[in-house]
Structure formats: structure tokens, C-alpha cells
Amino acid sequence: MAKQLTIFVENRPGRLGAVAKTLRENNIDIRAFTIQDRGEYGLVKFIVNNPNQAYLSLANLGCACALKEIIAISIPDRVGNFEILTLALAQNNINVKDAYGFVLQSNSKGVCCLEIDETHSAAAQKVISAAGFTILKDDELYNL
Amino acid sequence: MDVPFWNKDIETADRSRLEEIQLRRLREIVGWALNTPFYKKQLRNAKISSPDDIRSLCDLKKIPFTTKDDLRINFPRGLLAVEMKDVVRIHSSSGTTGIPTVIYYSREDIENWTEMLARCITASGAARSDIFQNMMTYGMFTGGLGLHYGAERVGMAVIPIGGGNTKRQIKTMKDFGTTVLHVTPSYLLHVHTKLEEAEIKREELVLRKAFTGAEPHSEDIRKKIEQVWGIDVYNSYGLSELNGPGVAFECIYKNDMHLWEDGYIVEIIDPETGQQVKDGDSGEVVLTNLIRKASPILRYRTRDLAYLHTDPCPCGRTHRRLSRIMGRTDDMLIINGINVFPSQIEEVVMKIPQVATNYIIQVEKRGELDHLTVKVEIYPKLFLGDPSQLEALKGRIIEDLRSAIILHPSVELHEPNALPVSEGKAKRVIDLRPKE
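Going line by line, the protein sequences match chains Y and H. Be aware that the first sequence starts at 3, since it is given in this note's numbering, and climbs by one per residue. Be aware that the second sequence starts at 20, since it is given in this note's numbering, and climbs by one per residue.
The set of hints was computed from the structure by calculation and includes no laboratory data. Source: prediction; values computed, not measured. A virtual CB, placed ideally from N, CA and C, is assigned to each residue, including glycine. It is possible that some hints are incorrect.
[Unchecked claim] Far from chain Y, some chain H residues (derived; all Cβ distances over 10 Å):
no., residue
1, A32
2, C77
3, I92
4, S112
5, E238
6, I288
7, T292
8, C334
9, R343
10, G356
11, D405
12, H433
13, E434
[Stated by the list, open to error] The calculated lysine to aspartate or glutamate pairs, modelled on DMTMM-like cross-linking and capped at a C-alpha distance of 20 Å, are:
no., chain 1, residue 1, chain 2, residue 2
14, H, K80, H, D105
15, Y, K99, H, E410
16, Y, K99, H, D405
17, H, K413, Y, D141
18, Y, K111, Y, D141
19, H, K394, Y, E120
20, Y, K128, Y, E117
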């Protein structure tokens, strides 16, 4: 499964820059990111080309970071597709903890990353496939 | 001015008579202290094995000091000098770590303490016709119950409302026509800012006096309170090791606090050398409790810095006056009237595995009240990338701190190694409250 890198950063100027610098120094290519603001700190979530190396380079500096498995779905960029996906999950009573998406090619290719509770992850993957979407393998996601 | 007295005979007794009483009572208390293993040893080292070995007040100096740590180490019964069946009250205060200190009172001890408080209240000009709203915390803290008993002794109508719930405090002042308050200075200022919210005007209240204690405050703060409320404010000093409030209290002249010298022997020492300072110089207050036999305390190092006035007070009382508390010789913080040691906070946060080694304790004013923020670093190896994990961690720290130090702090999570590394506890404390 695809891995997402989550980093704990303080909510003050310069912290994101420090993370970005480390990633650049280790030649890490960022595919997607999102930030969750939680007051005095934030959680930065990255999809990168080499999550293990990115994790090690940050952890070696003492950063609080974690690798988490996520479900990355290839989803055609078309009106209504997100609804189809979410309804399928809802009908099977599967809750989405966190999600983000991005368009790769307008009117054609998009990606949706879902964080789903571990105990429901296998069921979710079945439901997603049954709804007609492709789940990306880890190297497919990292090398988009 | 017409000076009111509760016990004029003792309050105006000349020095030789006060010293006679002190010597007699010191002998009695040494007798009780010898019942405890701790003092038996302390006194044996000072070559005192019976009350008869105290021949003059000078012999007090032979007795080693007692510290808060001594009380903590001997928790819970190492300093109990009477049988438990003779104990009628137990109070407790915070220790420097999770182990608190405990004080026992016999019926006679409560009686003595109550008499001292009746003197204090009367000295301020409050009287039985007053309606007394006691806004200090009740419970294990001595501030609430101590004044309560003294106020009943004087015959005031006592409203045992306790601390907090500001709107209810204001409404109660109005409903019952409260005339005298007992409260921490910061809370009294805070209550004033809430009058409007409570939809009650100052003119609807008949307040005339307040006793302020539990936190050191300056003359400027007194003046501010007196000005915004239009009342007279009297400073109060005490600590549970010495019974609680009522060790020293201001009279109607409001020029620092008469320390009841028939109940307590006061010494002012140089905290470094332990030697007596010159008359009138400031130093650490050391107190011997002459009026409590269940928990005798001899030469207790209060860690409070103050001085004794050498000139007489126009009220005619012969008991010397203690200045406002000017600081502490240890790192104890007083936050909204609650005593907190940084070591207590350290003990709580360091027990939690998800917390790394550095932390900061920050105290600041929010409005008129103190606010405590504890900043901790998260421990990277236990970080799972889950926001609910972080919220649970925060919640746990807040809950653990609340049960350890009673205060409700804010907790901030920081990156590993983001907080300054420092040796020594004091540097971990940032006190942003305005210095007086």
C-alpha cells in the first residue's frame, strides 16, 4: 500500500522551510502535500517519491514524523466521481478519517488519497474496487 | 480613630509579658514535639531532651530549622504529636513534589487558631454586624475554613461560598448585602470586571471591606482594588504549616501586618547563612508555632522574604508588624492563590512516555487572573502521525496536572528539541506577570 509521510511541525514561520530543506537535500520529490492546522502546531502530510528515505532523513534530525498507509485511488477527473466514491463507502458504513485529492490532468486523471481506520481498510479497498476505481500501488503513486 | 480590639489585654501587652508567654508556650510545645520521632531527634542534637532544657528564649536558637522537605519526608504521621483520637481536623498543602504536607489540629489547636483570627478580623474594624462572604477555597486549603471559624467567633454572618463562579459571587453580594469579603487580590479585581456582565451595579452592593491573602501583592494592587471597588482592603498572612491565615493581619491603620507574638515566634534570617539579620532588615521569615500541639512546628523556614517594622503602630498593639511578602527564597509559584512548585509539574509531565525531556512553565496575566501554560515536546519515537493521539496526549497532561496542582493549565505541544535545554528548574519557568 501507498505510504504517506506525516510530520509534526510547530505553527510558526520557518518550520515548513526547514522540512522542505531537508527533503530537497535528500533529493526527495514532493508529489502532493496538505497541512492540518491544529493551533500551536500543524500536521504536514506528504506524498513523496521515496517515503522511506524521506522519513529517515527527517527522523535522523530528531523530527517527529510517521509513515502511514493510505489508500490512493486513481479517479478520473469527471463531475460526480467523488460522489460515487464517497457514497459507496458510506453505504458500507466506512468512515473516512482524512482525505485529499488532486488533478493530474484536467478532464482526465485525478488521484484521491484516503486515510481509513486500519480495521476497515481491507473492506474499503474492496468497496472502492467494486465501485470501479483503481487503487494505486505504492510505486505507481510515487512515480505519477 | 477608635481602635477596636478583640483581646486588648494581650494585644497591647508589653514586650516582657509577651516574652514570658512565649517562653512558657515554647516549653509546652517542645514537650509535645518530643512525642514525635522527627523532633525527638532534632532536639536531641540540640541537647534538648525535656522542656526544662529550654531556660530562656535564647535556647530556641539551638533548635535546628524545620523545612518543607522535613514535613514531606515525614508524611503522613511522622510529625503527629497527639493520639489520632485527639485530632479534630486535618489540613494539607502542596509539597514540592507529589507528596503533600499535612497538618493536624486538636480541638484546643482549632480554638487557639480561631481566637487569633477573631483578633485579626476585629483589628480590621469588621464586627458582628457585618455580613462576611468567604470567597476563599474551602477544603484541604486552610484559607477557607480558617477565616470561617474566626468570622463566626466574632459573630459575623458567614456566607461560605468558596472560590469561583463569579456571577454567583456578585449575585450573592447583592442578595445578602455582603459587607466584608475574604478573597485573593487577583480574583477580587477579576470580579470587578464582571459586574456589568452580571448586570449588577456597584451601587447596588454595600461592600465596605475586603481581606486579601493567599498571594503576595503590592501596595499598588491594594490601592487599585480600593479605588475600583471603593472599599478598604486589609492584607493577611499565614501558611498552613503555621495554622493557616491569621499569623499576621493589618489593623485599621493598614500599615502592614501585626504578627501575633503570643502565638508565634518570628525570626528574620539571612537565607544563605541562617543567621539572624539586624532589626528591621529583610530576610527569610522563620516561624515557630506556639499554639498547636497536634502538629508542633519549630523554627519553620517559610521561604517568604519580608522584614519586621521596628516602630510602634498608632493602634497601640505591641505585636510587631510584618511587611508585605517581597519574594521567595525558593522557586515556588503562586498562581491565583495556589502554591505550585515547578518540581510538581515536572513530576507529572516526565511520567508521560509520549513527552520528551524539555518543558517550559509559563505564567502570565489574562485579564486580572493568572494563567498557567505548560509547554512540552513530543517524543518522536512514539509519534504515530495521528491527530487524535495528540489531542489525547494534551488531554491527559491537562488532567494529570489538574489533579496534581488543582489548577487548570493550557498545554502546548512542541517539536522535539524546540524548547530551550536548561539545567536547573528555575530556567524552565517564564513568569510574564508584571513585576510590582
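Taking the hints in turn, this is what the structure says about them:
| no. | hint | result |
| --- | --- | --- |
| 1 | A32 | holds (59 Å) |
| 2 | C77 | holds (58 Å) |
| 3 | I92 | holds (39 Å) |
| 4 | S112 | holds (33 Å) |
| 5 | E238 | holds (37 Å) |
| 6 | I288 | holds (44 Å) |
| 7 | T292 | holds (45 Å) |
| 8 | C334 | holds (53 Å) |
| 9 | R343 | holds (37 Å) |
| 10 | G356 | holds (27 Å) |
| 11 | D405 | violated (8 Å) |
| 12 | H433 | violated (6 Å) |
| 13 | E434 | violated (5 Å) |
| 14 | H:K80 - H:D105 | violated (30 Å) |
| 15 | Y:K99 - H:E410 | holds (15 Å) |
| 16 | Y:K99 - H:D405 | holds (10 Å) |
| 17 | H:K413 - Y:D141 | violated (36 Å) |
| 18 | Y:K111 - Y:D141 | holds (17 Å) |
| 19 | H:K394 - Y:E120 | violated (31 Å) |
| 20 | Y:K128 - Y:E117 | holds (15 Å) |
In summary, the structure is inconsistent with hints 11, 12, 13, 14, 17 and 19 from the numbered list given earlier, while agreeing with the others.
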